[in-house]
Amino acid sequence: MSENLQPLPDYDQAHKRKIREMMQQLGALLGLVGLCVILAFSSEYFMTMDNIMNIARQSAINSLVALGMLLTILTAGIDLSVGSILALSIVTMGIVVVKLGVSPIIGIVVCLGIGAFVGLVNGLLLTKMSLPHPFISTMGTQSVARGLALIITAASPISNFPTEIQFLGGGFIGPVPISFILVIFVYAIFHIVLNYTTVGRHIYAVGGNPEATRLSGINIHNVLLFVYTISGLMAALAGLVLVGRVNSAYPLAGLAYESDAIAAVIIGGASFMGGEGTVWGTLIGAMIMAVVRNGLNLLSVSSEMQTVAIGVVIILAVYVDVLRHKAAKKSKA
Amino acid sequence: MATIGGYFLSLKKICKNFPGVKALDNMDLDIKPGEIHALVGENGAGKSTLIKILTGAYQYDEGEMYCQGNKVCFSNPKDAYTLGIACIYQELSLASNMTVTENIFLGRELRIPGVGLLDYRRMNKIAQQAIDDLGIEVDVRKLVESYSMGYRQMIEIARALVANAKLIIMDEPTSSLSAKEVKVLLEKIHKLKEKGIAVVYISHHLDEVMEVADRVTVLRDGCKIKVMDKQDTDKNNLIQLMVGRALAEKFPKVPAKQGNVALRVEGITIDGILDNISFELRTGEVLGFSGLVGAGRTELARAIFGADKIDSGKIFINEQEVKISSPEDAIHHGMAFLTEDRKGQGLVLMHNIRFNASLSGLKRFCSFGHFINTKAMNAEVDGLIKELQLRPSNPLLTTRLLSGGNQQKVVIAKWLCSRSKIFIFDEPTRGIDVGAKVEVYKLINRLAAEGVAVIVISSELPEVMGISDRILVMHEGRIAAEFSHSEVTPSQIMRAATGGMSNE
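Protein sequences appear in the order of chains A and B. Under our numbering, the first residue of the first sequence is numbered 1, with each subsequent residue one higher. Under our numbering, the first residue of the second sequence is numbered 1001, with each subsequent residue one higher.
Hints in this document: simulated from the structure, not taken from any laboratory. Owing to the predicted nature of the structure, the values given are computational and were not obtained by experimental measurement. One or more of the hints may lead you astray.
[What the hints assert, rightly or not] Straight-line Cα separation of at most 30 Å, BS3-like style, residue types lysine-lysine; simulated pairs:
no., chain 1, residue 1, chain 2, residue 2
1, B, 1142, B, 1191
2, B, 1032, B, 1230
3, B, 1442, B, 1386
4, B, 1071, B, 1253
5, B, 1386, A, 326
6, B, 1188, B, 1166
7, B, 1142, B, 1071
8, B, 1022, B, 1071
9, B, 1235, B, 1193
10, B, 1078, B, 1142
11, B, 1309, A, 128
12, A, 326, B, 1022
13, B, 1032, B, 1183
14, B, 1253, B, 1421
15, A, 128, B, 1314
16, B, 1323, B, 1343
17, B, 1013, B, 1226
18, B, 1230, B, 1191
19, B, 1363, A, 128
20, A, 128, B, 1343
21, B, 1193, B, 1166
22, B, 1323, A, 128
23, B, 1343, A, 326
24, B, 1235, B, 1180
Turn these sequences into a full structure, and let the hints guide you.
If you want it as structure tokens, here you go:
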């Protein structure tokens, strides 16, 4: 009987939480829409089909990297090596395809394979070697992968890729860039994986409470291996898109991509403490990043100033989230 | 304003509202200087809210509060602290990576005059003095992590003393202490009383309350039901007042039909922790494990469940030897482990009831490899919620918002959902109120009746005696004695648990 008298629990609360979760994504979405409205008024070019497709294309790479990053952050981890993995994957593909003349299909497999492999190594460092935090293990592989990319290319770029490889990043169906279609497709798959498969549920559980998850009979190590492997794979996939766009694989590709990806995930409402976050939030986060960049370009803001502005956007977005959490807590107390 | 009847603290018609709920309703409370005043009531009766108002963590909406005759309204915990009101919370709030002294002076550090650097000499001296006054052996220069829970409680008390507290609030101070440590704590509380310090003592353990308190206030549904001198009441009377009805049966034990040996353990050893443990458990049997905190009961459960590595020993399930090296293996063999620390190890608190209840059993609902048949899963989980009478019954509610008893039900649902055949309960009713306890006992009965083999680890003697068919008593990593439900007395168990009886 006294159980009923607990101050909070009732249908209303669950309902409120649902609404709050929606608001969280809605908040980011509203931010995106607001941003677009402002830019539409500031620059007449902004709302043109050309520019919108341009944004779709520009956001593709970060969207893909951020998706892998989302998984690691959901488990309360992080992957700092995504940029280097991207570089190592594409230059290896360049060597295999352009220098050795192997078929492009095999080249693509090699590219994705390298990405997944380095990701797996990240996971193994974390689980089998019990490094204390993925911040450390992925920082290590970040340096190793970048170094390897520079060594095998003698620090010079590789160009002249066959059209089969450029297709993903450079191709269009009508006005729509194929890279954007790829993004939507991959996001839909991830949405299903995270919400309707065991491994997806386990990812959320590990981030929320690893010990309870382990004692529920879930092999945490396998979950983490999966997550980091996928993060590496997504970085390599993003690399494929990059190669298609610039028709070049260079060892310094992907520098600082990890920070853009982390920003997209966090702007999209994921919690750094793990366990909370959605793929659609992350997509909105990546779009916001791309729209801000695009808008600043249209307004001819210098690249130095852009760097500052992006930093401010990240801090503001997270601060809004902090305020929202506080408000939610207050209404709970 | 005149002093209110010589009370140190006096609450008049205090009300506190939360959205949709009146947490405190015209609450009166008077604390005399130097008295030990117990607050009892079921979970949700308003105790926590009341404490938070006393300590300034919450502000009351209506009513008046007087401290030494002056009308007060604390806007934050510091206000209360300044007037000499200290609180020792259920979860101790010490930083274990710092020294005892640093903890005692946290936020009130002494500095060397003129220099501004921390004056460790003086702080150590004062801290050690306070510790010595309490009559405990603690070196204040050591790190807190080197001391057990019982000592940490004392360190908290020393901290309150150094802060010159006139009233110390203790919220479930004994929930993580062994029987011996409880005894020491109660002694120290009497010592505080001699110094003229008042203590507000909150506990589910009515035995302790009856032992230590001068006066008892009973709360129910946010109201003060009655305040009594200890002499004028007894345990049954208190329970009756708390729940508003007489509990028909505290331990509704129904012996179930026992079958084959479901679990046999042979010679389990973890160096320095468990020493050659062997026992059998039959289907339909409830096997109780008693012993002091630190006797190795939880460690044994974790070892059997594959959560910790064992050095030697064998485990047989249905008379087949099995290799269990992870919880995954254990669950595969039909085991379930309901940990003592439900919040830390049993539930993913940020997620909802459905998520948690289905976590162990996801595989059962999978088709095409890893795709979850959400419909079937939700139907089963929702059925369990209804069956276990979870309140509230909304499956989408975050488990953080549930009371202890209902959180335990979610954990039970989780294991029912994964079709477990051997249930290991570690302190199944810790922190759960009287009414909900009986429900947990009934569930354990039901499990046994359905042919599940049950292990119950419990530090509460009446509980372990009331619900078990057979009781094993552990002492220092060994099984010290075995008793059957009908023949045992509390003193026999205590003797075995304290090492006073060898296993002849």
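So, going through the hints one by one against the coordinates:
Restraint check for residue 1142 of chain B and residue 1191 of chain B: satisfied, since their Cα atoms lie roughly 25 Å apart, inside the 30 Å limit. The suggested pairing of residue 1032 of chain B with residue 1230 of chain B holds, with an alpha-carbon distance near 15 Å, which does not exceed 30 Å. Taken as a hint, the residue 1442 of chain B and residue 1386 of chain B pair is honoured in the structure, with Cα atoms around 15 Å apart against an allowance of 30 Å. Between the alpha carbons of residue 1071 of chain B and residue 1253 of chain B the distance comes to roughly 52 Å, so the proposed pair goes past 30 Å and is violated.
Simply put, residue 1386 of chain B and residue 326 of chain A have alpha-carbon atoms about 33 Å apart, too far for the 30 Å limit, and the pair is violated. Among the hinted pairs, residue 1188 of chain B with residue 1166 of chain B is consistent with the structure: their alpha-carbon atoms are about 15 Å apart, no more than 30 Å. The straight-line distance between the Cα atoms of residue 1142 of chain B and residue 1071 of chain B is roughly 41 Å, outside the 30 Å bound, and the hint therefore fails. For a cut-off of 30 Å, the pair hint linking residue 1022 of chain B to residue 1071 of chain B stands: about 23 Å separates their Cα positions.
The hinted pair formed by residue 1235 of chain B and residue 1193 of chain B meets the criterion: a straight-line CA distance of about 23 Å does not exceed 30 Å. This hinted pair checks out: residue 1078 of chain B and residue 1142 of chain B have alpha carbons roughly 27 Å apart, not beyond 30 Å. Restraint check: the Cα-Cα separation between residue 1309 of chain B and residue 128 of chain A comes to about 16 Å, which is no more than 30 Å; the hinted pair holds. Note on residue 326 of chain A and residue 1022 of chain B: the hinted pairing holds, with a Cα-Cα distance of about 23 Å set against a maximum of 30 Å.
For the hint pairing residue 1032 of chain B with residue 1183 of chain B, the CA-to-CA distance comes to about 24 Å; that is within 30 Å, so the pair holds. Simply put, residue 1253 of chain B and residue 1421 of chain B have alpha-carbon atoms about 20 Å apart, close enough for the 30 Å limit, and the pair holds. With a C-alpha separation of about 26 Å, the suggested pair residue 128 of chain A and residue 1314 of chain B falls inside the 30 Å cut-off, and the hint holds. This hinted pair checks out: residue 1323 of chain B and residue 1343 of chain B have alpha carbons roughly 29 Å apart, not beyond 30 Å.
Between residue 1013 of chain B and residue 1226 of chain B the alpha-carbon distance is near 14 Å, which keeps this suggested pair within the 30 Å criterion. Using a Cα cut-off of 30 Å, the hinted pair residue 1230 of chain B and residue 1191 of chain B holds, with the two alpha carbons roughly 19 Å apart. Note on residue 1363 of chain B and residue 128 of chain A: the hinted pairing holds, with a Cα-Cα distance of about 25 Å set against a maximum of 30 Å. Of the pairs offered as hints, the one joining residue 128 of chain A and residue 1343 of chain B holds, with about 27 Å between alpha carbons and a cut-off of 30 Å not exceeded.
Distance hint between residue 1193 of chain B and residue 1166 of chain B is fulfilled; the C-alpha atoms sit about 10 Å from each other, no more than 30 Å. For the given pair, residue 1323 of chain B sits about 21 Å from residue 128 of chain A by alpha-carbon distance, which is consistent with the 30 Å threshold. For a cut-off of 30 Å, the pair hint linking residue 1343 of chain B to residue 326 of chain A stands: about 22 Å separates their Cα positions. Of the pairs offered as hints, the one joining residue 1235 of chain B and residue 1180 of chain B holds, with about 22 Å between alpha carbons and a cut-off of 30 Å not exceeded.
Going through the hint list in order, the structure does not satisfy hints 4, 5 and 7.
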